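Residue numbers (the numbering used here), protein chains in the order written: chain H, 1089 to 1313; chain Y, 13 to 306.
Bear in mind the hints are in silico, worked out from the structure with no lab data behind them. Keep in mind it's a predicted model, so treat the numbers as computed, not measured. There's no promise every hint is true.
Pairs of lysine to any residue, SDA-like flavour, derived with a Cα cap of 25 Å [as the list claims (entries may be wrong)]: (1) H:K1203 to Y:R19; (2) Y:K210 to H:D1306; (3) H:K1181 to Y:V169.
Which chain Y residues face chain H? A few, computed with CB under 8 Å, are given here [to be verified]: (4) R19; (5) V169; (6) T173; (7) W175; (8) E212; (9) I213; (10) M216; (11) L218; (12) V219; (13) G220; (14) S222; (15) S223; (16) G283.
To spell it out: a stretch of chain H is covered by chain Y in this simulated footprint if at least three of its residues, at any positions, have a beta carbon under 8 Å from a beta carbon of chain Y; those stretches are [claimed, not checked]: (17) 1184-1196; (18) 1252-1265.
Glycine included, C-beta positions come from ideal geometry on N, C-alpha and C.
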Amino acid sequence: MINFQQVTKRYANGTTAVVDIDLEVPDRQFLFIVGPSGAGKSTLLKLIIREEVPSEGKVFVDKWDVTKLPGRKVPHLRRQIGTVFQDFKLLPKKTVFENVAFALEIIGRTSKEIKEVTEEVLELVGLKDQRNLFPNQISGGEAQRVAIARAIVQKPPFVLADEPTGNLDAKSAWEIMAILQKLNELGTTVIMATHNIDIVQTLPHRMVEIEHGRIIKDSELKTKN
Amino acid sequence: MFITLLRLIKTTFQRIVRSPYHVIAATFVLFLSFFVTAAFVLIMLGSNVILKHFESKPQVTAFFKDDTNLAQVEELKKVLSNTGYLANAKYVSKEEALKIYKEQNKDEPILLEMVTADMLPASLEVFATDIKYLPNLAEILTKENSVEEVIYQKDIVSNLTNWTNTIRNLGVIVIAFLFVTSLLITLVVIGLNISVYKDEIEIMRLVGASSSYIRIPFIFEGMLYGVLGAGLAVSTIWLLLGYLEPVIKELFSGIPLLPVSNDLMLLILGGEALTGVLLGFISAVIATWKYLKV
């Protein structure tokens, strides 16, 4: 479970990114965070992975109190959370296989384990045949699938996706959504920040709308009301 | 743990191969520092050998007139001994002088033909307890009627001592300057590498790499620059010594400067490699602390 309690984030330059956020995301939920640019969507995701620390309030990820987490524990937190970004963040000099395997290498898995798990995950995202290609030899949709494969290869219980379809055509965007849906069905909590209203309206998931750093609408609460 | 260490070493080498100009820049600067250091160490050791060579020679030699007898020599020895400055005094008779002359010129028969013991003066080789007492002993010998001529090497030894001290002081300043420069350049090179790999570092952080996993390849890199620089410097000195051996032997004939023992060269290599590792480590730690925010 991810839990925001009265979270406010102010930057040193005086900008307030999010204000008084109270949000609970239960395990296995698929949550859309929507809102205009600068609304605070990305900040919310950064607060979860401790890229940012709240100015006020607390953020919990399962047992972790992210706000009090010492620096040396942050890597352990991040191994529980897969992250996917609009710009894929792939390493251009590594192949598809190496880009995914990389996430296992850094946590000290054996070569045999890495090979097995990476192959399995590449099959899940439909990229087994592209395993030896470099990022510049594959399409944007395929690159985003590599990024998803890397995000889930450590088998994290949470996946955060920040505008994962932002750079993709409609067909590729739906392919990515199909993979994220599948992950969610397999038990992963997925939080996705997006602008894509088509996707949000089509898929029957919880949606939280943010504007000027505040939650202005939560579909789940609306249903409850 | 072992797998992780191997991966970190592999990452270090991959990065080095991908940035050859960084490696060349850092290694070359370190090479220069270690080359100058090794050269200074050898010059200092050589100076000491030269100094010892002169110090071990008779420090004052008094040549006697032909009519001097042994009783006069013994009397002179007593006078010298009474000063308290005398370490040792050795009498060399005319016959012994001839023997020495023959030994020194055994390859030149022409020089030996005409010389007899009568032509060579007997002498007294006088060693002082300290070099500063040489003038006192020389003065006594000069005043002695039976002494024809007094030769002593005080000037050579004192000049050499001055030179050695100057070289050592200069060496310390130059080496300190070079090492500070090397440390800063290695730091900048590693800082550049950190900026080259900033995307990779960002991804590593996002997928949960520990701070040490991100930092260690850069620290290995710094240490490797140090070892490479030291190894290259000592190898170059070794080759250079081999090449210059005939020149050095001719220039300092009679002084046992060469060959420099392998043990000494290995000691210099070990010392420099260790210094290199330490210097690289310090540079890398500062660079990662300054430029790497993880």
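Okay, the hints, checked on the actual structure:
1. H:K1203 to Y:R19: OK: K1203 of chain H and R19 of chain Y at ~15 Å, within 25 Å.
2. Y:K210 to H:D1306: Between K210 of chain Y and D1306 of chain H the Cα gap is close to 37 Å, so the pair fails against 25 Å, i.e. violated.
3. H:K1181 to Y:V169: Violated, at roughly 65 Å.
4. R19: holds (6 Å)
5. V169: violated (62 Å)
6. T173: violated (57 Å)
7. W175: The hint is violated - W175 of chain Y has no Cβ within 8 Å of chain H, the shortest such distance being about 56 Å.
8. E212: holds (6 Å)
9. I213: violated (11 Å)
10. M216: With Cβ-Cβ at 6 Å, under 8 Å, it holds.
11. L218: holds (5 Å)
12. V219: With a minimum Cβ separation of about 4 Å from chain H (threshold 8 Å), the hint on V219 of chain Y holds.
13. G220: holds (4 Å)
14. S222: Holds. Min distance 5 Å.
15. S223: holds (7 Å)
16. G283: Violated, about 35 Å.
17. 1184-1196: holds (count 6)
18. 1252-1265: violated (count 0)
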